[in-house]
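Protein chains in written order, with my numbering: chain C, 1 to 156; chain R, 1 to 148.
Hints were generated in silico from the structure; no laboratory data involved.
Just so you know, these numbers come straight off a predicted model, no measurement behind them.
Not one of these hints is a red herring.
Beyond 10 Å from chain R on every Cβ pair, some chain C residues (computed): (1) 21; (2) 89; (3) 115; (4) 122; (5) 139.
Label-pair ranges, simulated between beta-carbon atoms: (6) R:19 <-> C:142: 20 to 28 Å; (7) R:141 <-> C:20: 15 to 23 Å; (8) C:24 <-> R:133: 18 to 26 Å.
Over the 12 Å line for every Cβ pair with chain R, so calculated as not near, a few chain C residues: (9) 18; (10) 28; (11) 29; (12) 94; (13) 95; (14) 99; (15) 100; (16) 106; (17) 107; (18) 108; (19) 109; (20) 134.
Think of the CB as a built atom: it goes at the ideal place given N, C-alpha and C, for glycine as much as any other residue.
Here's the letter readout for the chains.
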Amino acid sequence: MSTRANLPTIGPLLWYRDPFAAIAWLERAFGFERRMVVEDGQGGVIHSELTLGDGYIMVVGPPSGRAVSPVAFGGRSTQSVHVQLRDGLDALCERARGAGAAIEREPADQPYGDRVFTCRDLEDHPWSFGQTVQSLSMEEMAEATGHEIKVQGGTP
Amino acid sequence: MTPTFRSALFYQDPKAAIAWLEKAFDFELSMLLEDADGNLAHSQMSFGDSYVMIGQEWSADHKSPKSVGGKNTQTVNIHIDTDIDAHFARAKAAGAEIIAEPETQFYGDRTYRCRDPEGHMWTISQTVSDVSREEAEAASGLKITGWR
Numbered sequence: 001m002s003t004r005a006n007l008p009t010i011g012p013l014l015w016y017r018d019p020f021a022a023i024a025w026l027e028r029a030f031g032f033e034r035r036m037v038v039e040d041g042q043g044g045v046i047h048s049e050l051t052l053g054d055g056y057i058m059v060v061g062p063p064s065g066r067a068v069s070p071v072a073f074g075g076r077s078t079q080s081v082h083v084q085l086r087d088g089l090d091a092l093c094e095r096a097r098g099a100g101a102a103i104e105r106e107p108a109d110q111p112y113g114d115r116v117f118t119c120r121d122l123e124d125h126p127w128s129f130g131q132t133v134q135s136l137s138m139e140e141m142a143e144a145t146g147h148e149i150k151v152q153g154g155t156p
Numbered sequence: 001m002t003p004t005f006r007s008a009l010f011y012q013d014p015k016a017a018i019a020w021l022e023k024a025f026d027f028e029l030s031m032l033l034e035d036a037d038g039n040l041a042h043s044q045m046s047f048g049d050s051y052v053m054i055g056q057e058w059s060a061d062h063k064s065p066k067s068v069g070g071k072n073t074q075t076v077n078i079h080i081d082t083d084i085d086a087h088f089a090r091a092k093a094a095g096a097e098i099i100a101e102p103e104t105q106f107y108g109d110r111t112y113r114c115r116d117p118e119g120h121m122w123t124i125s126q127t128v129s130d131v132s133r134e135e136a137e138a139a140s141g142l143k144i145t146g147w148r
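Isolated chain C, as found in the complex (with noise of 0.2 Å):
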């Protein structure tokens, strides 16, 4: 449907105890905005949309079953994040930080060609963020991180 076009093909979903105090935080430390909220009645969120750039993450909760809340979890997670920005990445990292973000790691140039700095919601989902700061080449990323690279097709 032409609705649903202009969303990519892959969202990351996200599961928080308090789903509204989450898309709150998403939107103020992250600068996301809210595209659609699906409420279940009883304070919890069974489907959201909120966008950055051209693309989407839902978030939803609260987990039942085997969905989880790293916060209730020992803070450990079965995924995260990876957030590509094409610019003003050490001026979200300042604002994540204002916003209780944890700062993992700092921002810094990584030796692929991104700055990238890495941190935990209010929820203690692990998130990174990324910036293409030098483009390499394949040849130039292997020699760079001393890892074997392989490319079957695609931009990576």
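Go by the hints and put chain R onto chain C.
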């Protein structure tokens, strides 16, 4: 285009996960970094306009569902344009553990849910009818703010 979001999934055996995701979901390996011992350091798989990253359990806090009793703190949604029932059949044939068979939802998407061999949950959907917010609220009894 560089997509804004990429989910990074933690696996006990990421190379087996890559092979399974190729077979089950038609993901394509676009980048694989190995260390000198042939261990996976980083990888990206593409599907449509998007990527996921398949990696190791890299700390005590970053674990496969297989290592933590099948729990998931995040999952991945895949939205496809065509033939979700064929997608389902392919995943099922590859050994996906089916949580919910394809079913058309009140908001106009047909969806199914499954678990991969290490217990990561995936939701796959295809929009099959154009439903308004008012229609979706009436059908579900839920309060909906915003719409697609």
